[in-house]
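Q: Under mature numbering (1 follows the signal peptide of the UniProt record, and there is no 0), read the sequence shown as residues -23 to -1, 1 to 79, first letter to last.
By construction, these hints were calculated from the structure, which means they are not laboratory data.
One should not assume that every hint holds.
[To be verified] As a list, the in silico EDC-like pairs of lysine to aspartate or glutamate whose alpha-carbon atoms are at most 20 angstroms apart:
(1) Lys55 with Glu27
(2) Lys78 with Asp58
(3) Lys78 with Asp68
(4) Lys78 with Asp36
(5) Lys55 with Asp68
(6) Lys78 with Asp46
(7) Lys55 with Asp36
(8) Lys78 with Glu27
[What the hints assert, rightly or not] Pairwise CB distance ranges, derived in the manner of DEER restraints:
(9) Asp58 with Asn7: 20 to 26 angstroms
(10) Glu27 with Gln6: 19 to 25 angstroms
(11) Pro33 with Thr71: 16 to 22 angstroms
(12) Gly59 with Ala14: 34 to 40 angstroms
(13) Glu11 with Gly42: 31 to 37 angstroms
(14) Thr38 with Gly76: 17 to 23 angstroms
The beta carbon of each residue, even a glycine, is placed where N, CA and C say it ideally should be.
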Amino acid sequence: MIRTLTLALTIALLAAAGTPALARGDRDQNNLREAAAQGQVIPLNRLVAEVQSRAPYSDMTYLGGPQFDAGRMIYALKFMDGSQVVIVYVDARTGRIVGRKP
C-alpha cells in the first residue's frame, strides 16, 4: 500500500515538474511564429539548406527535430557525421553558425 502510494506520488510530482517545460516550449514556438511572420527570422528550411551547403556539413545528414531558443534566437540543428551526432547552433536572424558540439 505504501509502495503504491509512494509510486503514485512520485509520478504526480514528475508530471507536475514537466509542465513548465512544456509551457516554455509552447511559448518559444509562439515567439518563433511571430518572429517569422514579421520577417525577423530566416525560415528553418532555408537555414538548414544554407548550413548543408557549407563544408563540412555538406557531407552530413540532417536529422531533423530542431530546437529553438527564443531568448537568444538560436536554432540547434542535429546532423549525423558518420556515427556521431553533431549539433550546430545557428542564429535564426542571420543564418550565421555560432557554435557546434562536438
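Q: Can you tell me whether the CB distance of aspartate 58 to asparagine 7 sits inside 20 to 26 angstroms?
A: For asparagine 7 against aspartate 58, whose Cβ atoms are near 33 angstroms apart, the range 20 to 26 angstroms is violated.
Q: Checking one constraint from the list: CA of lysine 55 to CA of aspartate 68, max 20 angstroms. Satisfied?
A: holds, 14 angstroms
Q: With a cut-off of 20 angstroms on the C-alpha distance, tell me whether lysine 78 and aspartate 36 pass.
A: Holds - the C-alpha atoms of aspartate 36 and lysine 78 are around 16 angstroms apart, at most 20 angstroms.
Q: Taking 20 angstroms as the top limit, are the C-alpha atoms of lysine 78 and aspartate 68 close enough?
A: At roughly 15 angstroms apart (the allowed maximum being 20 angstroms), aspartate 68 and lysine 78 satisfy the hint.
Q: Take the C-beta atom of proline 33 and the C-beta atom of threonine 71, compute their distance, and say whether it sits inside 16 to 22 angstroms.
A: With a Cβ separation near 20 angstroms, proline 33 and threonine 71 satisfy 16 to 22 angstroms, so the hint holds.
Q: Does lysine 55 pair with aspartate 36 here, judged by a C-alpha cut-off of 20 angstroms?
A: With Cα atoms ~13 angstroms apart, lysine 55 and aspartate 36 stay inside 20 angstroms; holds.
Q: Is the gap between the beta carbons of threonine 38 and glycine 76 within 17 to 23 angstroms?
A: holds, 20 angstroms
Q: Verify the proposed pairing of lysine 78 with aspartate 58, using a straight-line Cα cut of 20 angstroms.
A: holds, 12 angstroms
Q: With the threshold set at 20 angstroms, check whether the alpha-carbon distance from lysine 78 to aspartate 46 stays at or below it.
A: Measuring from Cα to Cα gives roughly 16 angstroms; hence the hint holds.
Q: For the pair supplied as a hint, lysine 55 and glutamate 27, confirm whether the alpha-carbon distance does not exceed 20 angstroms.
A: holds, 14 angstroms
Q: Could you tell me whether the CB distance from glycine 59 to alanine 14 stays inside 34 to 40 angstroms?
A: holds, 38 angstroms
Q: If I claimed the Cβ atoms of glutamate 27 and glutamine 6 lie 19 to 25 angstroms apart, would that claim hold in this structure?
A: For glutamate 27 and glutamine 6 the Cβ distance comes to about 22 angstroms; the hint holds.
In this structure, the hints that do not hold are numbers 9, 13, in rising order.
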